[in-house]
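**Student:** Chain by chain, the residues run as shown.
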Amino acid sequence: MLLEIQGVDKFYSAQVHALRDVSLSLPEGSIGLLGPNGAGKSTLLKILLGLLPPTGGSVQVMGFDATTRSLDLRQKVGYMPEQECYVAGLDAVEMCTYAGELCGLPTKEARERAHAVLAFVGLEDKRYMKVQTYSTGQKQRVKLAQALVHDPELLLLDEPTNGLDPRGREEMLTLIRQLPERRSCSIILSSHLLPDVEAVCDSAILLNEGQVMYSGLIADMRGEERDTYEVRVKDGAEQLAEALQKAGCEASMHDGALWVHLPPDTDPDLIFSRALEAEIQVRHLSPLKQTLESAFVRLLEQQEES
Amino acid sequence: MGIRDLGYKRYEGALLPHRSRYRVLIRRALSLAWASGLTKTTIILGMFPPVICGVYIFLKHQAMQQEVVQYLAHRAQVQLDDPGSLVFTCIYWCQIWFAFVLSLLVAAPAISEDVRTGAFQFYFARPVARSHYLVGKVAPAAILVAIVTLAPALLLALLRVGLAQSGEEAWRSTSWLVGTLAYGPIYALVLTLPAVALSSLGRRSGSLQGLWAVGFFLSWLLGEGVAAGADLPYVALLSIPTDLRLVGQLLYGIEPAYDLPWYLPSLVLAGLVVGSAYVLVRRLGRVEVFS
Numbered sequence: 001m002l003l004e005i006q007g008v009d010k011f012y013s014a015q016v017h018a019l020r021d022v023s024l025s026l027p028e029g030s031i032g033l034l035g036p037n038g039a040g041k042s043t044l045l046k047i048l049l050g051l052l053p054p055t056g057g058s059v060q061v062m063g064f065d066a067t068t069r070s071l072d073l074r075q076k077v078g079y080m081p082e083q084e085c086y087v088a089g090l091d092a093v094e095m096c097t098y099a100g101e102l103c104g105l106p107t108k109e110a111r112e113r114a115h116a117v118l119a120f121v122g123l124e125d126k127r128y129m130k131v132q133t134y135s136t137g138q139k140q141r142v143k144l145a146q147a148l149v150h151d152p153e154l155l156l157l158d159e160p161t162n163g164l165d166p167r168g169r170e171e172m173l174t175l176i177r178q179l180p181e182r183r184s185c186s187i188i189l190s191s192h193l194l195p196d197v198e199a200v201c202d203s204a205i206l207l208n209e210g211q212v213m214y215s216g217l218i219a220d221m222r223g224e225e226r227d228t229y230e231v232r233v234k235d236g237a238e239q240l241a242e243a244l245q246k247a248g249c250e251a252s253m254h255d256g257a258l259w260v261h262l263p264p265d266t267d268p269d270l271i272f273s274r275a276l277e278a279e280i281q282v283r284h285l286s287p288l289k290q291t292l293e294s295a296f297v298r299l300l301e302q303q304e305e306s
Numbered sequence: 001m002g003i004r005d006l007g008y009k010r011y012e013g014a015l016l017p018h019r020s021r022y023r024v025l026i027r028r029a030l031s032l033a034w035a036s037g038l039t040k041t042t043i044i045l046g047m048f049p050p051v052i053c054g055v056y057i058f059l060k061h062q063a064m065q066q067e068v069v070q071y072l073a074h075r076a077q078v079q080l081d082d083p084g085s086l087v088f089t090c091i092y093w094c095q096i097w098f099a100f101v102l103s104l105l106v107a108a109p110a111i112s113e114d115v116r117t118g119a120f121q122f123y124f125a126r127p128v129a130r131s132h133y134l135v136g137k138v139a140p141a142a143i144l145v146a147i148v149t150l151a152p153a154l155l156l157a158l159l160r161v162g163l164a165q166s167g168e169e170a171w172r173s174t175s176w177l178v179g180t181l182a183y184g185p186i187y188a189l190v191l192t193l194p195a196v197a198l199s200s201l202g203r204r205s206g207s208l209q210g211l212w213a214v215g216f217f218l219s220w221l222l223g224e225g226v227a228a229g230a231d232l233p234y235v236a237l238l239s240i241p242t243d244l245r246l247v248g249q250l251l252y253g254i255e256p257a258y259d260l261p262w263y264l265p266s267l268v269l270a271g272l273v274v275g276s277a278y279v280l281v282r283r284l285g286r287v288e289v290f291s
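In order, the protein sequence lines correspond to chains A and B.
Read in our numbering, the first sequence has 132 at position 132, and its numbers run on one by one without any break.
Read in our numbering, the second sequence has 247 at position 247, and its numbers run on one by one without any break.
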């Protein structure tokens with residue numbers, strides 16, 4: 001298991017309860033850490049890195065107890081921070097070499113890997129420039145490079161696309177998406193941008209007000225609305241909707257598509273038969289899938305209701 | 001963004017133990033400091049007074065009886081028969097300026113620069129303990145200060161021992177060697193630890209450097225000025241350089257500048273060092289690594 005967290009609480013003070021009885025267990029892979037501001041994402045990241053002891057509970061990351069073996073744990077973890085982060089006066093090669101050395105690599109090995117990892121993130125032409133002179137996008141790449149240089153088994157990425165233009169964002173996501181396969185590492189991606197998480201991760205941890213609302217596969221979280229179908233027709237969508245409503249279905253228009261919710265135990269062939277009767281050509285019919293965003297909102301609403 | 005792995009292979013070798021972080025941090029800080037032209041110039045200029053002093057000791061030994069040397073010594077009001085005094089004069093009155101400039105350039109911005117650039121996250125997301133970081137910030141500054149204070153003083157003391165013409169003279173010279181060995185580390189710690197502690201209190205390196213300079217010279221000016229003007233020798237203890245001077249005079253066996261109990265300046269300096277260490281440990285213990 002990559003993460004095994006049992007009953008973790010974190011109080012900053014009597015009033016500030018950052019995490020409440022957090023328990024989860026996730027295997028290796030790409031995991032998204034989602035939640036609104038103040039949900040406890042940063043606190044959980046700090047605890048996973050062993051920088052912050054939990055007030056209660058236990059945290060195991062890759063089999064290491066994050067409280068008692070934090071140095072051993074951090075040797076196997078790479079961290080890409082959200083904020084600007086560089087050592088003044090160093091160029092990209094020196095900074096990545098330094099990062100490798102601090103993780104225990106011998107100097108020669110660290111230097112060789114620094115060159116390789118800078119080529120990997122597309123900075124080989126600018127690797128001898130001082131990091132403070134880099135553009136935002138280049139700084140993001142250096143941050144990724146320094147997190148990767150020592151071959152971490154787990155990579156923690158905190159808002160990796162922050163400040164990037166659309167092209168830079170797409171490039172960064174492409175790079176991150178390939179890491180588990182190319183570098184055999186797991187990823188925990190903390191982001192408030194749901195499309196980023198959707199593009200990169202298989203699993204997600206959803207936090208709200210310090211509590212885990214969901215942890216597991218994104219596909220399961222998004223789920224399929226059982227008995228709800230998205231239907232696209234050539235012409236006459238409203239006419240078909242009317243016909244289906246008369247047959248006991250709920251039907252409504254969403255962005256040019258018809259969402260049809262069938263009564264229990266009803267075969268979806270009903271949609272085809274009603275379309276045939278009305279002489280309407282069906283061009284597309286599929287079970288309706290929620291976006292991560294809609295699943296996220298639904299879970300938030302469910303929590304508020306409960 | 002091209003994805004080029006350059007024949008990537010996972011590192012399978014052994015990792016260095018956690019204690020190697022001390023060496024890595026100190027070496028990198030020293031190389032960064034040496035890359036600065038100001039630091040380099042200060043160190044090079046700081047070599048001149050001890051060299052002149054060494055040449056003087058050598059010539060004096062070679063031509064002790066020569067009238068011209070006696071005449072020069074008389075004019076310069078230097079006690080030819082007391083090289084310990086000469087070594088102390090060199091290490092204190094000449095080298096304190098270079099040592100102070102180095103503490104200003106290297107120690108005073110040591111931590112504030114990391115706060116400003118977000119480098120805390122760079123360090124503490126790795127297997128770097130707070131003790132590694134602390135030593136990695138204080139030791140390089142102390143080493144640089146020692147290069148312009150302890151190292152030349154040691155060489156001068158060794159020169160004096162080497163030039164001794166009798167066993168008794170060599171034994172007497174050895175006491176200066178011991179004095180230097182004790183004084184050098186005190187000197188380096190007093191000039192670096194408070195400056196590094198100060199640098200942990202903010203993110204504006206320029207302001208903190210200014211504060212360190214003002215604190216150092218104002219305490220010197222006020223302490224010595226009031227002590228001499230109002231004949232209140234205890235006020236001199238407020239001055240860091242004066243405390244250093246009194247401790248140095250004690251270690252070199254020279255008559256102290258102020259008539260004070262011998263242990264008081266040592267206590268003040270010990271308090272300063274312990275207080276600075278406490279501030280550093282407290283600040284680093286509570287540092288917010290992720291804002």
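No lab work stands behind these hints: they were computed from the structure.
Careful, some of the hints might be misleading.
[Claimed, not checked] Lysine-lysine pairs mimicking BS3-like chemistry, simulated, CA-CA at most 27 Å apart:
id, chain 1, residue 1, chain 2, residue 2
1, A, Lys76, A, Lys108
2, A, Lys234, A, Lys289
3, A, Lys139, A, Lys126
4, B, Lys9, A, Lys126
5, A, Lys76, A, Lys139
6, A, Lys246, A, Lys234
7, B, Lys40, A, Lys130
8, A, Lys108, A, Lys130
9, A, Lys108, A, Lys126
10, A, Lys246, A, Lys289
11, B, Lys60, A, Lys108
12, A, Lys108, A, Lys139
13, B, Lys9, A, Lys139
14, B, Lys40, A, Lys76
**Student:** Now tell me, hint by hint, if it's right for this structure.
**Tutor:** Hint-by-hint comparison with the structure:
no., hint, verdict
1, A/Lys76 <-> A/Lys108, "19 Å, holds"
2, A/Lys234 <-> A/Lys289, "22 Å, holds"
3, A/Lys139 <-> A/Lys126, "11 Å, holds"
4, B/Lys9 <-> A/Lys126, "23 Å, holds"
5, A/Lys76 <-> A/Lys139, "23 Å, holds"
6, A/Lys246 <-> A/Lys234, "21 Å, holds"
7, B/Lys40 <-> A/Lys130, "20 Å, holds"
8, A/Lys108 <-> A/Lys130, "21 Å, holds"
9, A/Lys108 <-> A/Lys126, "21 Å, holds"
10, A/Lys246 <-> A/Lys289, "25 Å, holds"
11, B/Lys60 <-> A/Lys108, "50 Å, violated"
12, A/Lys108 <-> A/Lys139, "24 Å, holds"
13, B/Lys9 <-> A/Lys139, "25 Å, holds"
14, B/Lys40 <-> A/Lys76, "38 Å, violated"
Of the numbered hints stated above, those contradicted by the structure are hints 11, 14, listed in ascending order.
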